[in-house]
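Residue numbers (my numbering), protein chains in the order written: chain A, 1 to 155; chain B, 1 to 128.
It is possible that some hints are incorrect.
What the hints assert, rightly or not - Partner residues are not named here, just some residues of chain A that face chain B (Cβ under 10 Å, in silico):
| hint | residue |
| --- | --- |
| 1 | 11 |
| 2 | 16 |
| 3 | 18 |
| 4 | 28 |
| 5 | 40 |
| 6 | 107 |
Think of the hints as simulated: they come from the structure by calculation, not from any bench.
Computed from a predicted structure; not experimentally measured.
Backbone N, C-alpha and C fix where the C-beta goes; we use that ideal spot for every residue, glycine too.
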Amino acid sequence: MTDSTDTRKKEFTIVRVFDAPRSALWKAWTDAEEASHWMHPRGMTTPREHVSFDVRAGGTYRYTMVNNDTGEKFPTGGTYLEVEEPTRLVFTWGDPDDKIDEAMVITISLEEEEGSSDRTKLTLNLVGAEGHPGDGFIYDGWESALDSFEDHTKR
Amino acid sequence: MAADTLSAVFGALADPTRRAILSNLKDGPRTVGELSTPFQISKPAISQHLKVLEAAGLIERETRAQWRTCTLRTEPLDDVSVWIDRHRDTWNEHFDLLDERLGILKSKARPEHPAPAPATAPEPPHSN
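Just chain B, with the same shape it has in the complex (with noise of 0.2 Å):
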């Protein structure tokens, strides 16, 4: 490793908020929002931290379409059940989602509740 990138190493852990970071991502990858948390230090602060954990090597950040999370690892874990695990917590919510929607429709429906707004123009079964 060049001398300079061993510099970067070296500061990314000389601060103590980065080494609570990459002690917080040992559990598994993390969202930025959950990283700033326990710190009580605001989103772009903890974003300055992970820039130079990210330029040192030490942190990789992932944008897919839902967040953004950040990941460590210092022992060798499981890629394949931290995939899933967050994966699956996903739909796992939209399912408790689509749950409650079915359930105000099903009280929208109920003959006891006011009529509804008046009847509009059947929905075209293909929405763009």
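Bound-form chain A, shown alone (with noise of 0.2 Å):
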């Protein structure tokens, strides 16, 4: 068995539109109240008292996910590289405590829609850190439990 040598990077780009002012979706962004309420899954939420957003390029934001059921905590931070109000943002995303070449790097770009100023598109921009072949979906385990049992078995 041998790893599959995949040329893709690990990214993706999401658009979508929302009904509402480009205002509101930059304040949604970096409003440590706003982002509360929707940066999280369903079946968890993110206290308030727990968001700290400092924006500013270089400048660190932090939020804790806590699932609704277990109480289980998700600490979630990173830093700004870049903060254009009220077009574009770009952060790091991930383990608060990755270094900034470790985590991933997210592009936001606001843009209202044509002949509407109550209508907001957003581009989500996300990369993955570069890492080496597994990063974070660990096969070897098996794959290296088949391989072994096989040479075994070979005996």
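With the hints as a guide, bring the two chains together.
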């Protein structure tokens, strides 16, 4: 069994249009109170007291999601790389203790929809950190177990 | 592979629930919650099974910001697709919640709704 060489990058883009003015979208991303309402999966909460945003290039942010059932906490955070209100926000995202070059990078672009200042197009681009093959998803354990088992049975 | 490691693998595979977990993981990474649902077994009991599987080197558990996932590969899988789907789903879910939140804010601002709470001091631009 060999690792397949995948030349695609760990990267994707989402484009969505929201029924809200651009200023509301910018606030959603940069205001601690607003962010706590949506920066979490369903079934989790982001308590306001655990959110801190220092929105400037080089500033850091942090928030903690709490599983509603188990109470388990998931701290998340990163560093702002570019801040251009109200059109562009670039930041690292992941474990707050990750070094900058270990974390994913998210770029948010906000554009007013043509002909409507009450609708905003949001583009999110996420780039994964360069890692070695199997980074984060380690299949090697199973692979090497099977390889060793195969070797063992051949003897 | 050392004999005791081989025993660990055989021991791990000897339990039908653990074999079912491995089968489940063939379709892609799963959170602990997702793994426990089909078996009607408590999460602590599933965690016990996962410890055995992990000790045998048959699964890997990852703790990222939002979840813990267990992953397995029995054949070459497309690592990148799995990664992309997982993170894209996360952000699409965030955006669904954002959409709901923006809708609430909008309805609060409509004139026919009762007046909002008395005006408070303006929010600072940066919140810490």
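Against the structure, the hints come out as follows:
1. A hinted interface residue such as residue 11 (chain A) counts as satisfied when its beta carbon comes closer than 10 Å to some beta carbon of chain B; here the least separation is about 8 Å, so the hint holds.
2. With 10 Å as the threshold, the beta carbon of residue 16 (chain A) comes within range of chain B, its nearest partner Cβ sitting at about 5 Å, so the hint holds.
3. A least Cβ separation of about 6 Å between residue 18 (chain A) and chain B falls short of the 10 Å threshold, and the interface hint therefore holds.
4. Interface restraint check: residue 28 (chain A) against chain B, minimum CB-CB distance 6 Å, threshold 10 Å, status holds.
5. The beta carbon of residue 40 (chain A) is positioned within 10 Å of a beta carbon in chain B (closest approach about 7 Å), and the interface hint is therefore held.
6. Checking residue 107 (chain A) against chain B by beta carbon gives a least distance of about 12 Å; that is not within 10 Å, so the hint is violated.
Consistency with the previously given hints fails for number 6 only.
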